[in-house]
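So the sequences go chain by chain: R and D.
Residues 0 to 165 in numbering that gives the first Met the number 0 are what the first sequence spells out, letter by letter.
Residues 0 to 390 in numbering that gives the first Met the number 0 are what the second sequence spells out, letter by letter.
Bear in mind the hints are in silico, worked out from the structure with no lab data behind them.
Please note that a few of the clues may not be correct.
To be verified - Listed next, with one range per pair, are the computed distances between beta-carbon atoms:
(1) D/R91 to R/M19: 42 to 50 Å
(2) R/I127 to D/I88: 43 to 51 Å
(3) R/Q126 to D/R61: 52 to 60 Å
Unchecked claim - Just so you have them, the derived chain D footprint on chain R, three or more residues with Cβ under 8 Å:
(4) 25 to 35
(5) 58 to 68
(6) 128 to 139
Treat the numbers as computed from the prediction; the structure is a model and nothing was measured.
A virtual CB, placed ideally from N, CA and C, is assigned to each residue, including glycine.
So you can see what is in the structure, the chains are spelled out below.
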Amino acid sequence: MTISFLLLAAITIAGTAAAMSLRNLVHCVLALTLGLVGLAALYLQLGAQFVGFTQILVYVGAVAILAVFAIMMTRSAEPTEPHGSSSFQLSGALIAGIVFAVLAWAVSSGTKALQVQTLQPEASVNQIGVALMHGFVLPLEVIGLLLTAALIGAGVLAMDETRGAR
Amino acid sequence: MPEIIDQIFVLSKHWLLGYVPAGLQPVFSALLSVVPVLIAFPLLFAITTVLERKGLGRMQNRYGPNRTGPFGILQPMADGIKSLTKEDIIPRTADHLVHLLAPLLLVTASFLVYAVLPIGRNMVIANLNAGVLFFFAVGSMVELAVFMAGWSSRSKYSLLGAMRAIAQMISYEMPLVLASVVVIMAAGSLSTVAIVNMQASYTGIWPHWYVFTPWGLTGFVIFLIAATAESNRCPFDLPEGESEIIAGYYIEYSGFKFALFFLGEYLGMFATSAMAITLFLGGWAAPFSFLTWIPSYVWFFTKLLTLILVFIWIRGTLPRLRMDQLMNFAWKFMLPLSLINIFGAGVWHYMPAGLLRWLVVTLLVVVSCISLSRGLRRGKWFHVRTYRFAA
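Between the sequences and the hints, there should be enough to build the whole structure, so can you do that?
Here you go:
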């Protein structure tokens, strides 16, 4: 529990909390981005450079941009009125509390079984590459196929049906 | 003696650190690395604005700025003072916080990427294991800043500019990253320092720069085109097309915030140029083995200025692209070509060294380049435009 960890955790939690509670949709996305950057910084603090930078590249560079682009294209980003009754909020809080309790129990009971491993940041990117190309080739290919299918699907959806492919 | 001049900045940093108490040394070490970069590149920005305006003036057959100081070289001072003293106007309906944060995020992200660029031998702020990835990850934050600026101004022009800018940046980021993948494959490392070190050796007098291979040359050209698009420069300056949407996403900014956008844009251009140098042009390495006595940072900045001059030259020469041309070029030409280029680099790696692999990879790249450009042209026919003038 160092000061930097507490700070980054606070930024992450504040960002995600603001993403849920702000009225303006664009503000929500920006706050969520802050939370994701905080998460990336936490990965970096653990010595996982590759995962941290990929988190920034994918979530800030692609997902957040995609979200704001969708908002700009589809609807006006005016502040929305709060809706939902108090019972809805109550049940939401209950579910969140239960999930947190389960996770906390899992984490606190799991820590003793794990050995503390020494970090090897010098070769981490190399190790990830070797693991992807040797041990996890099949999952990688399956994911590639899935993404290609999704890409083609998006293309078909966007196609102008009256005039055919453009 | 050349060794000492080459390492003079590194040595003087260590000498200065000797006077600092041990507890404060990490902080001072970071400061002594960061502050020179924070001074040098804005200074380069000031020089570049003059060079650009004078150069464009020369190409367009007019004088550039010539009223401030000899040959107008004090123009950046005048511009700086002007932007500092101007009124900072914020539109009444603007989203004030986001409007304020956008230029700050832009400049911060633009400066952050300099952390991994090796300016000279042993002269890099942070030798990260995943340096190239860091560069692209932080560079992608610029898009968010552009969106924040365009959206928070509550102006149709700025929103249009932001949408154009983001669409363009997303489209051209893909070829930019894929073009650098070939170098990562060849060097076997994501660290910028390791990539430059791989290129800093010689056969005879000739250097081992990656640009002197078929896949390296293709990658370099793709990288340069995509870098032009990423930094929103002509011929890809649709997001800020002066004749259509005035200044695009930063139209509602004035005074020093406007200057910050300007600074961020140029810093981005320098950074991508420096990355192109690091990946393809050997970083700080000398172009011939008998020229290694010239300090490494001199070579780096010479290459950087050369690339900047190329950018200015392109800006003075080419007309602006249309939006559909821009998108078609990115997705139907640059992206497939960079994928084929990666394949070519793989073929190069597994074939025995010699003339044959030169022939095979060159043929692969040239043939795919020609067929892709024919595909891009399909269904369109070009003819001489005829103009009808009013009698």
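- Message: I'd like to know which numbered hints this structure contradicts. Please list them from smallest to largest.
- Response: 1 and 6
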